[in-house]
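A.B. asks: Spelled out from the first residue to the last, the chains are:
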Amino acid sequence: MPLTDITIDDIESLAVGAWVLGTGGGGSPYLGLLNMRALYKEGHRVQLMPASELADDDWVAAVSNMGAPLVGQERLTDSRTIARAVDLMERHTRYRFRGIMSLEIGGGNSIQPLMAAAHLKRPVIDSDMMGRAYPEAQMTSVAVGDLEPCPLTSVDVRGLESVVEKVPTWKWMERVSRKICVEYGSIASTCKAPRTGTEVKKWGIHGTTTKAIAIGHAVREAQRRHEDPIAAILSVEPGKVLYKGKVVDVERRATEGFLRGRTRFDGMDEWRGAAMEINFQNEWIVAWLDGKPIAMSPDLICVLDSVSGEAVGTETIRYGQRVTVIALPPPPVFLSPKGLQHVGPRAFGYDIEFKSVFAS
Amino acid sequence: MRRIGIDVGGTNTDAVLIEEGKVCGAVKAPTSQDVTTGILDSLKKLAATGVLKGADGVLKKVDGVMIGTTHFINAVVQRRHLTKVAALRLGMPSGASLPPFCDWPEDLAALVRGGVWMVEGGHEYDGRPFMPLDEAAVLKAAHEMKVAGLRAVGISAVFSPLDPTHEKRAAELIASVIPDAAITCSSDLGRIGLLERENAGLLNAALADLSLDTIAAFEKAIHDSGIAAPLFITQNDGTVAEASQARRLPVYSFASGATNSMRGAAYLSGLSDAMVIDVGGTTTDVGQLKLGFPREANSVVKVGGVRTLFRMPDLLSIGLGGGSHVVLDPLSIGPVSVGYRLLTDAIAFGGTQLTTTDVAVASGVLDLGEKARVAHLDAATCSTVFAEAARLAEEAIDRMKTEAGDVPLVAVGGGAFLIPDKMAGVSQVIHVEHGDCANAVGAAIAQVSGECDQIFKDMTRVEAIDAAQSIANDRAVAAGADRATLHTIESEDMPLAYLPGNSVRVRVRVVGDVAATS
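If you read the protein sequences in the order shown, they are chains B and E. By this note's numbering, the letter at position 199 of the first sequence is numbered 199, and the numbering carries on one by one without gaps. By this note's numbering, the letter at position 9 of the second sequence is numbered 9, and the numbering carries on one by one without gaps.
Simulated from the structure, these hints should not be mistaken for lab results. Built from N, CA and C at the ideal position, the CB exists for glycine as well. Treat the hints loosely; a few may be bogus.
[To be verified] If the Cβ cut is set under 10 Å, some of the chain E residues that face chain B in the computed set are:
1. 91
2. 92
3. 96
4. 128
5. 130
6. 371
7. 372
8. 375
9. 376
10. 377
11. 379
[Said to hold, decoys possible] Label-pair distances were calculated between CB atoms; the ranges are:
12. 135(B) / 77(E): 35 to 43 Å
13. 316(B) / 390(E): 29 to 37 Å
14. 395(E) / 55(B): 54 to 62 Å
15. 335(E) / 45(B): 19 to 27 Å
16. 42(B) / 176(E): 45 to 53 Å
17. 2(B) / 332(E): 23 to 31 Å
18. 227(B) / 406(E): 30 to 38 Å
19. 273(E) / 178(B): 28 to 36 Å
20. 274(B) / 332(E): 51 to 59 Å
21. 213(E) / 135(B): 29 to 37 Å
22. 43(B) / 192(E): 30 to 38 Å
23. 336(E) / 235(B): 47 to 55 Å
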C-alpha cells in the first residue's frame with residue numbers, strides 16, 4: 001500500500017479520535033491541532049505510511065512530549081521543537097530516519113509526529129507503541145519486547161539539548177529523562193530510542209493513526225447529522241458498551257506525580273439500579289459494576305459524553321455528566337504474560353486477575 | 001442602607017429600590033438605543049412611585065446605584081463598537097507558532113487585531129524566570145504601536161498569574177511611550193492557561209473605548225435624574241466595582257446578568273443554598289447557589305467564539321421560555337421563540353404562533369391577552385404541554401446538581417409560570433414576589449470585594465496570609481466596602497521553591513457590604 005495524504009480534515013478527526021483512545025488521559029490534542037492548522041495554512045502537508053512499507057534496515061524516530069499538562073498550557077507547544085528532537089537524534093546517531101512515529105496515540109502525543117513530519121518532510125508511520133495512553137515509559141510494546149531503551153534526545157524551546165546515551169533498563173530511562181524534563185521547566189520534546197524497520201514491524205501497534213482518524217470521523221459525522229455518536233464509534237471499532245449512566249461522585253488526589261482517584265456512576269436505561277465505579281491513574285484503569293471488576297487495563301476503557309460522543313477526561317469529569325462507558329480491544333502485545341506484567345491490573349496496584357471484556 | 005439596582009436588559013431596563021432589606025419599589029422601562037435614556041426613564045418611573053422621597057417630600061439619601069449590563073458581552077457577540085488592539089506577548093522563544101489571536105474566529109480577529117508583538121520574557125511554573133524580559137524589544141514594540149496609531153494594548157506573559165512582574169514592567173515601558181495607552185495585563189484577569197487568559201486580556205482591551213463611553217453614559221443618567229449617589233457596576237462574581245475600576249476591566253461584567261438573577265433569587269427567597277431556575281422569554285438558565293453565590297464554571301468558556309477562562313457562573317441554558325414555540329403533534333417545545341414579539345405574534349395577542357404563554361392563558365395560569373383566542377386548547381392538551389416543560393426543566397436541574405439528594409428550587413424570571421410546584425429531585429419549589437425583577441434585585445444587593453494576589457518573601461506561611469488579608473481588606477474598603485462586614489471568601493497559597501528566601505504566593509479575596517455614605 002503506498003503513502004497516503006493526510007488532509008486537514010483528517011487531523012481534525014484525529015484530535016477527536018485520539019482523545020477517545022486516550023482513555024481519560026494523554027492530555028488534550030487542542031494545541032497540537034492549532035499548530036497543524038497553522039502549518040497546513042502555510043502549505044505544509046504530511047503523508048501517512050504503513051509500517052509494512054518499511055525496509056528491514058530503515059530507521060524510524062519515535063517521538064513524544066513529556067511533562068506536566070499544566071506547563072503545556074503556558075509554554076505552548078511549538079511544532080518546531082519536536083522536529084529539533086528528531087534532528088538532534090539524527091546528528092547524534094548519524095542515521096537518516098525513513099519516517100516518524102508516535103510513542104502514544106492516545107491524547108496530545110498523537111499529533112507530535114505530524115508536527116515533526118511537516119518540518120522534516122518525512123512520512124508519519126501509521127503505528128505507535130501503546131495503542132492508547134499510559135503514564136510511564138515502560139508501559140509500551142517496545143519495553144514489553146525488551147528492545148534497547150537508549151539513546152534518547154530531549155530538547156526545550158530555548159535551545160537546551162540533552163542526550164541520554166546509556167541506561168540499563170526502561171525504568172532507568174524513565175527516571176533520568178524525567179529529571180532532565182523537570183529541569184527544563186517540566187516540559188520537554190523527546191525522540192525515543194531509534195527503531196529499525198524490523199523492530200517496528202514486529203513490535204509496533206499498527207494502523208493506530210488511521211484508527212484514531214476513523215473514530216474521530218465517525219463521531220464528527222454523527223454530530224453533524226444529529227445521530228448517535230456512540231453507535232457511530234461501534235460501527236468502526238469492535239467495541240462493547242459496558243454501561244450508561246450519570247456521574248454521581250468524583251474523588252481525585254495528586255500523588256507521586258500522578259492524578260489518582262475514582263468516579264462513581266448511577267445507571268440509566270437498561271443499567272438503571274446498577275452502580276459503576278471506575279478507578280483512574282491519569283487514565284481509566286479498572287471498571288467495577290456492582291462491586292465486580294468487569295473491565296481493566298489493558299482493555300481500553302473509554303468514558304464518552306452520551307450526547308456528543310467526545311471523550312471525558314479524568315481531569316475534567318464532574319457530577320451530573322451523562323456518559324456511556326465503552327471498552328475497545330487491547331493491542332495483542334499486552335495480552336502475553338510479559339505484557340500483563342507491564343500494563344495489567346497488578347502493574348497499577350490492583351490484586352485482580354486480568355480478564356478481557358473480549359474473551360469469549 | 002438604601003440602594004437602587006438597575007438591570008439593563010435587551011428589551012427592558014428594570015429598576016428596584018431596596019431599603020433596610022426590603023424591596024420598596026420595582027419598575028420596568030424599555031431599553032433605549034443610547035443607554036442613557038432607558039436608565040433615566042426607569043429612574044423617573046421609580047421616582048414617580050414616590051418611594052425615593054421621604055415624608056417631608058425631600059429626596060432620600062441613596063447609598064449607591066448598582067447597574068448590571070450586558071453591553072460589553074453583546075458588543076463582542078455582535079462584533080460592534082470594538083477597538084483595534086496591539087497584542088504584546090512576553091514568552092519568546094516559546095509559543096511562537098501559536099501567536100495571539102491564533103484561535104479567534106476570523107471575522108472577530110480581523111476587527112480587533114491591530115498588530116502582534118512577541119518578545120522574550122515570562123516565568124517557569126516554579127517562579128524561576130523563563131527568559132529575562134527583553135526591555136529593548138518592548139520599547140521598540142511600543143514605538144511601532146504608536147506609529148500604527150494603536151492605543152489599546154493587551155499584554156500577556158508565560159506564567160504571569162504566578163509572577164506578574166514582567167507584564168507590569170512592560171506596561172510601564174509602553175506607558176512611557178504612549179502616555180494615554182489603555183493597557184490590560186493578562187495577570188489581572190485569569191488563571192493558568194496562556195491562550196485563554198491572553199484572549200480575555202485582548203477582549204478587555206478591545207472594549208476600552210466602549211467602556212469609557214458606556215460608564216460615562218451611566219453617570220450622566222444618574223446625574224440627570226437628580227440622584228446623588230456613587231455608581232457601581234456589577235461583576236460576574238456577584239460583587240460590584242466602583243465605576244473607575246469597572247471602566248478598566250469591562251470583561252469582568254460579562255456574565256453579571258446571570259449572576260445578578262441568581263443572587264436576587266437567593267435574596268428574595270432567603271435561601272443561600274439552592275438551585276435557581278431563571279425562565280426568560282427564549283431561554284431558561286439553571287444554576288446552583290452555594291453560600292448565596294452562584295457556583296463557578298471550572299472549564300473553558302467561549303465568548304463570541306473566543307475561548308476564555310473567566311470566572312463565570314456555571315449555568316446550563318436550554319431553549320425553554322415564555323415565548324417558546326409549541327408544536328402539539330408530535331409534542332415539542334422550543335428552542336425557537338417569538339422573543340420580544342410575544343405581544344404581537346402569540347395567539348392570545350392576536351398572532352398566529354402557539355407559545356407556552358398561550359397555553360398558560362388557556363389554562364388560566366396567566367391572565368393576559370384574550371382568553372377566547374386560545375379557547376380551542378382543552379385542559380388535557382394544556383397539561384401535557386406543562387408536563388413536557390416540567391420534564392425539560394427537571395432534566396436541566398438534575399444535570400446541574402452536585403449531589404444526589406432533593407434540593408430546594410427557586411423559580412424566577414418572567415416565564416417562571418412554567419415551573420410546577422412539584423418536581424422530581426426537588427424538595428420544594430419556591431416562587432417569590434418580584435421574581436420577574438430578580439436581576440435588578442441582585443444588582444442592588446451586590447457586595448464589594450477586595451483581592452490581594454502577590455508574592456511574599458521571608459515570612460512564615462501564616463504571616464504571609466495575614467499580610468495578604470490585610471491588603472485585601474484595605475482594597476475592599478478603598479473600593480467602597482464597610483470594614484466591619486468584611487469576610488474572606490477565598491484564600492490560597494503556593495510555595496515557590498526556586499525563589500530565594502521562602503517565597504510564597506498568596507491570593508486572598510474578601511467581600512463586604514457597601515458602606516453607607518452618611
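A.B. asks: Now tell me if each hint is right for this structure.
C.D. replies: Against the structure, the hints:
no., hint, in the structure
1, 91, "holds (7 Å)"
2, 92, "holds (9 Å)"
3, 96, "holds (6 Å)"
4, 128, "holds (8 Å)"
5, 130, "holds (7 Å)"
6, 371, "violated (38 Å)"
7, 372, "violated (39 Å)"
8, 375, "violated (37 Å)"
9, 376, "violated (32 Å)"
10, 377, "violated (30 Å)"
11, 379, "violated (32 Å)"
12, 135(B) / 77(E): 35 to 43 Å, "holds (41 Å)"
13, 316(B) / 390(E): 29 to 37 Å, "holds (30 Å)"
14, 395(E) / 55(B): 54 to 62 Å, "holds (58 Å)"
15, 335(E) / 45(B): 19 to 27 Å, "violated (41 Å)"
16, 42(B) / 176(E): 45 to 53 Å, "violated (36 Å)"
17, 2(B) / 332(E): 23 to 31 Å, "violated (51 Å)"
18, 227(B) / 406(E): 30 to 38 Å, "holds (35 Å)"
19, 273(E) / 178(B): 28 to 36 Å, "violated (44 Å)"
20, 274(B) / 332(E): 51 to 59 Å, "violated (31 Å)"
21, 213(E) / 135(B): 29 to 37 Å, "violated (53 Å)"
22, 43(B) / 192(E): 30 to 38 Å, "holds (34 Å)"
23, 336(E) / 235(B): 47 to 55 Å, "violated (32 Å)"
Taken one by one, the earlier hints fail for this structure at numbers 6, 7, 8, 9, 10, 11, 15, 16, 17, 19, 20, 21 and 23, listed in ascending order.
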